[in-house]
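So you can see what is in the structure, the chains are spelled out below.
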Amino acid sequence: MEKLIIAPTQDTPGIHFDAATNVLELSGRSYPDNVFAFYEPVFSWLNAYASALNPAPITKFIFKLEYFNTASAKIIFDILHVLDRIKVKGNEVQILWYYKNDDDDMKEAGEGYKNIIETNIEIVSY
Amino acid sequence: MEISSSFHEFINKNPHVGYISTLNKAIEKMGLTMVYEGKIDQEVIKSIAASVEKKMNEEKENMKFQRVIFHTLIELLQNISKYSDDEIKGKGIIIVGKAMDKYYVSSGNVINNDKIPALTLLLESIHKLDLNQLKEQYDATISNGMFNKQGGAGLGLIDIVRKSKQKLQYNFETLNSIQSFYLVTATILKEK
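The listed protein sequences correspond, in order, to chains X and C.
Throughout the first sequence, residue numbering follows the working numbering, covering 1167 to 1292 in sequence.
Throughout the second sequence, residue numbering follows the working numbering, covering 176 to 367 in sequence.
These aren't lab readings, by the way, just hints derived from the structure by calculation.
Owing to the predicted nature of the structure, the values given are computational and were not obtained by experimental measurement.
Be aware that one or more of the hints could be misleading.
Facing chain X, according to a computed beta carbon distance under 7 Å, are these residues of chain C, among others [to be verified]:
id, residue
1, K214
2, Q217
3, M238
4, I317
5, S318
6, F322
7, G331
Glycine included, C-beta positions come from ideal geometry on N, C-alpha and C.
Required output: the full structure, derived from the provided sequences and hints.
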C-alpha cells in the first residue's frame, strides 16, 4: 500500500501514514476551508488500510496537533471511529494523543475523546 | 499631478473617509488590535490569524489566553465566510479589541431574516448551559452526526462559550424585510 504523505501548511495538518511500519501520524494545525474535502483522501486511505489489515501487528496512531477548529474536532472523532472499527475486527491499535505541556485544553480534548469513543487513548505531554 | 489632485478631491468629498478616520480614532481609543471589513475567505482568515497571533506574541500574552483568543477568532471568521448572506459571498466584519485584562472578538455579517429565529434559539440554549452541560453538548454534537456537510450545528459557538467561559453578546439590526445585520461579541478573560 502506498504511503499517504501530506506536508503541513499554516491551516492544514501534516499527514504521515505508512502501512509498512503501521505508524500513522497527524500533526500540526487543522482549520482548513473545507474539512470534508481536505480529509477525504485521509479517510480513503484509512478505510483501505482497515480492509487490507490481515491479522496485523500493532497499528500506532499518533495525534500531535497544535490547534484544531471545531470542524476538525468532528473529523478527529470520525478518525477515532475508523480506528475503533479496526480494533473491533481484532487488530491491536495504539492511540497516542500528544499535547504541549502547557496546553490544558489540548490535554482535555484528548481526555474528552477517550470518554466519548470509549477507547484507550494514551495522553502524552511533550 | 493630475492624478494626485483628483485623488485628493476624491478623498475630500468621499464621506467614507471621514468614517475611516473616526474608526481609526476609535481604534486608538478602544485599543483595537485589528479591524477587517470585506470578503472573508480562507486566505483572508489565514492572514488575519497570523497577524493577530504575531501581535499577541509581541505583547507577550499568556499562551493559554492566546490559544482561546485564536480559537475564537478562527471560529467567528469561518462562520462569516460560510454563513454570511451578504450579496458579496462571505462578506463581513471582524474586530479584535484589547482591554486591560481581556480581549474582545466581534464579528458582524448580513443574515437573512428567516434564519434569525433558529440562531436566536441556539444562542439562548447555549447560554442556559453550565460548563459541564456545554461539554456534554459539544461531545453530543461531534458524535451524533448533527455536524455534517450542511453545517456545524452551532459547534463553533458552543465551543467559544465553553473555552472563554463567558456569554456572548449578540444582536440583530434589521436592514429591511429580508435581511438584518448580525453582530456577536465574544469576551476572553485573562486568567488571574
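So, going through the hints one by one against the coordinates:
Nearest Cβ of chain X to the Cβ of K214/C: about 13 Å, over the 7 Å cut. The hint is violated. With a least beta-carbon distance of about 4 Å to chain X, the hint placing Q217/C at the interface is held under the 7 Å criterion. Checking M238/C against chain X by beta carbon gives a least distance of about 6 Å; that is within 7 Å, so the hint holds. The interface hint given for I317/C is met, as the beta carbon of that residue sits about 5 Å from the closest beta carbon of chain X, less than 7 Å.
The beta carbon of S318/C is positioned within 7 Å of a beta carbon in chain X (closest approach about 5 Å), and the interface hint is therefore held. For F322/C, the interface hint holds, the least distance from its beta-carbon to any beta-carbon of chain X being 4 Å, beneath 7 Å. Here the hint on G331/C is kept, as its CB sits about 5 Å from the closest CB of chain X, short of 7 Å.
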